[in-house]
Amino acid sequence: MFVESPEDKVTKSTAACASFLIDGIQAESSASE
24 MFVESPEDKV
34 TKSTAACASF
44 LIDGIQAESS
54 ASE
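Residue numbers (our numbering): 24 to 56.
Take the hints with a grain of salt, since some may be wrong.
[As the list claims (entries may be wrong)] Taking CB as the label site, the calculated pair distances span:
1) Val26 to Gly47: 29 to 37 Å
2) Val26 to Asp46: 24 to 32 Å
3) Glu56 to Val26: 40 to 48 Å
4) Val26 to Ser55: 27 to 35 Å
5) Ser53 to Glu27: 31 to 39 Å
6) Ser55 to Phe25: 42 to 50 Å
Read the hints as simulated data drawn from the structure, not as lab findings.
Cβ atoms here follow ideal geometry from the backbone N, Cα and C, with glycine treated the same way.
Using the sequences and the hints, build the whole thing.
In structure tokens, the structure reads:
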């Protein structure tokens, strides 16, 4: 049985936040062109 460690949850949430920010930055830069 595998149990997620707190570090795994933090890593996943950080990765999700980073990808969300990148999507927003790309959308803004493409909209400004």
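Status of the hints after comparison with the structure:
1. Val26 to Gly47: 29 to 37 Å: holds (33 Å)
2. Val26 to Asp46: 24 to 32 Å: Holds, since Val26 and Asp46 (Cβ atoms, about 31 Å apart) stay within the stated range.
3. Glu56 to Val26: 40 to 48 Å: Between Glu56 and Val26, where Cβ atoms are some 46 Å apart, the hint holds.
4. Val26 to Ser55: 27 to 35 Å: Violated: the Cβ-Cβ distance is about 45 Å, outside 27 to 35 Å.
5. Ser53 to Glu27: 31 to 39 Å: holds (35 Å)
6. Ser55 to Phe25: 42 to 50 Å: 44 Å Cβ-Cβ, so the 42 to 50 Å window holds.
This entry does not satisfy hint 4, going by the numbered hints stated previously; all others are met.
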